[in-house]
Amino acid sequence: MEEKLRMFFDKKGDVLDISLGEPREAISKEIGDDILMRIDPETSEVLGFTILNFEKRFERTKVEIFQLTAKLAQAKIKI
Numbered sequence: 011m012e013e014k015l016r017m018f019f020d021k022k023g024d025v026l027d028i029s030l031g032e033p034r035e036a037i038s039k040e041i042g043d044d045i046l047m048r049i050d051p052e053t054s055e056v057l058g059f060t061i062l063n064f065e066k067r068f069e070r071t072k073v074e075i076f077q078l079t080a081k082l083a084q085a086k087i088k089i
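Going letter by letter, the sequence shown gives residues 11 to 89 in my numbering.
The set of hints was computed from the structure by calculation and includes no laboratory data. Every value quoted in this text rests on a predicted model; they were computed, and no experiment measured them. One thing to keep in mind: the hints can contain errors.
Stated by the list, open to error - Straight-line Cα separation of at most 16 Å, EDC-like style, residue types lysine to aspartate or glutamate; simulated pairs:
#1 Lys66 x Asp24
#2 Lys66 x Asp20
#3 Lys66 x Asp44
Stated by the list, open to error - Ranges between beta-carbon positions, derived for each pair:
#4 Gly31 x Glu69: 25 to 35 Å
#5 Lys21 x Thr53: 27 to 37 Å
#6 Lys21 x Glu52: 25 to 35 Å
Glycine included, each C-beta is placed from N, C-alpha and C at the ideal position.
With the hints as extra help, turn the sequences into a complete structure.
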């Protein structure tokens, strides 16, 4: 089933949220420095990602524009 990729940026909280399809209940697993993967607790399906301190990351590198290329497929993650 094809899902829409949805992104939301909370400037005040400096958080980028990326979801596959409509938001659903999930558990989060930290997969990197301030990077969380959201997983369906029943099916282990990846539902999206959350990046904390998003703008702060680019202040350190002085990068203002970036390109994102991704190929997403449903995956089951062992919790």
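task: Please flag the earlier hints that this structure goes against, numbers listed from lowest up.
output: none
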